[in-house]
Amino acid sequence: MGAGEELLDSEIIWTCVSCATCYSRCPMEINMAGVMDALRVMAAETGAAKPDGDMPLMNKLLLGTIKTFGRTYDLGAMALYKAGTSSYMKDMDKVPMILKKGKIALLPSHGADKKMVKQIFKNLEKARKK
Amino acid sequence: MKYAYFPGCSAESTARDLYLSTMTVTSGLGIELIEPDGWSCCGSTMAHQVDHDLSVSLAAANLLKVKDMRLDMVVSCASCYSRMKIANHEISTNPKTREVISAALGRDYDGSVKVRHFVEIILEDMGLEAFKKALKHSLRGLKVASYYGCLLVRPPEITGFDDPENPVYMDRLINAMGGVGLDWPHKVECCGGSLTLTRSDLVVKLSEAIIAMAKDSGAQCIAVACPMCQINLDMRQDDILKTTGHRYNMPVLYITQLMGLCLGMSENALGLNKLIISPKETMDFIRP
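Top line first, the protein sequences correspond to chains P and W. The opening residue of the first sequence carries number 103 in the numbering used here; numbering runs sequentially from there. The opening residue of the second sequence carries number 1027 in the numbering used here; numbering runs sequentially from there.
Quick caveat, the hints were computed from the structure, so don't treat them as lab data. Hints may be right or wrong, so weigh each one.
Cross-link-like lysine-lysine pairs, in silico, DSSO-like; alpha carbons within 27 Å at most [as the list claims (entries may be wrong)]:
#1 220/P x 1231/W
#2 216/P x 1140/W
#3 192/P x 1231/W
Given the sequences, and given the hints that come with them, work out the whole structure.
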């Protein structure tokens, strides 16, 4: 407690898995999962966040697919993430196998109410500027 | 029994098997599921780390569609379930949040749509006796470690699913099907969930602890109800072998797949061919 900006550079806010075990068992009912989320937002905003595995990049790419398609396009986000982190080799051995098994979608979904999703992004951006 | 069904993005991709088996089982049990037109991502796993209002709005957009249908929302993905419950909780307990979210959606939403997990409607609405009557096959004493993970049970005052420290809902289904729902210690540990692609080194460690405990407890397979748990526990066994030399060969099935087998549904209709660790031994064991 009382710690300041050093928290924002810390790995721990990105290795937290948001499992909420701490919150569920805390006798003082401190919502640590919520605190971690708030710290992640602040760290990403100040540009302090460069954790191992670059979770902020993954978050940005996945949200980008939601903004475009209204639903998550995981293969698309994964490809861009691999390009952004130069980690082509990691997990690549699995891609042909999961594609063959139909364990991941090759193409993005087109069934979502994209208008609604775009409106949400737009309205929240507008509200933030006010 | 009629519900609005929210499949979630993984239903079209990494959890196609969960979607197929949910659909097959519900039709076999005479449960009607209706998808809301144009459902969109609930914001699961990443939006809450980026923008609180966005994460609540993305879930609420779907809850609002279901409110218009005047039905309860059934979800089979634990992650979507968690996001929907959190959105309802925040909107119904915080007037400021309700105002912000309603402005983002362009319509007021009060947080009132009831969100249920698929397992809950079988136990609470259909009842175990009616479920048992529909069964054609038994699990023949198959020992199953039911793994609940995080998102169904925590935080308990928001999700309200079963018992947060020792849930038994899936075990009750397994026992009803003639299997043995094991009493084991890692039911609600975390598999590493959303870190699967960014910190797979951590996911491998966390997942191995769960699989090893299931094996030590005598499990012949693990039953799950969450797409992230399924893919971590199933796909990462190969990485566990490569990094530690430990070979588990532990099948990780969705609870809906086990239910479908006992209802006499075909392997393909249940998406069993999509599992990475082959469930062949499990199926051989339960075949008469």
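To see whether the hints hold, each was checked on the structure:
| no. | hint | verdict |
| --- | --- | --- |
| 1 | 220/P x 1231/W | 38 Å, violated |
| 2 | 216/P x 1140/W | 24 Å, holds |
| 3 | 192/P x 1231/W | 17 Å, holds |
Violated hints amount to a single one, hint 1; each of the other numbered hints is respected by the structure.
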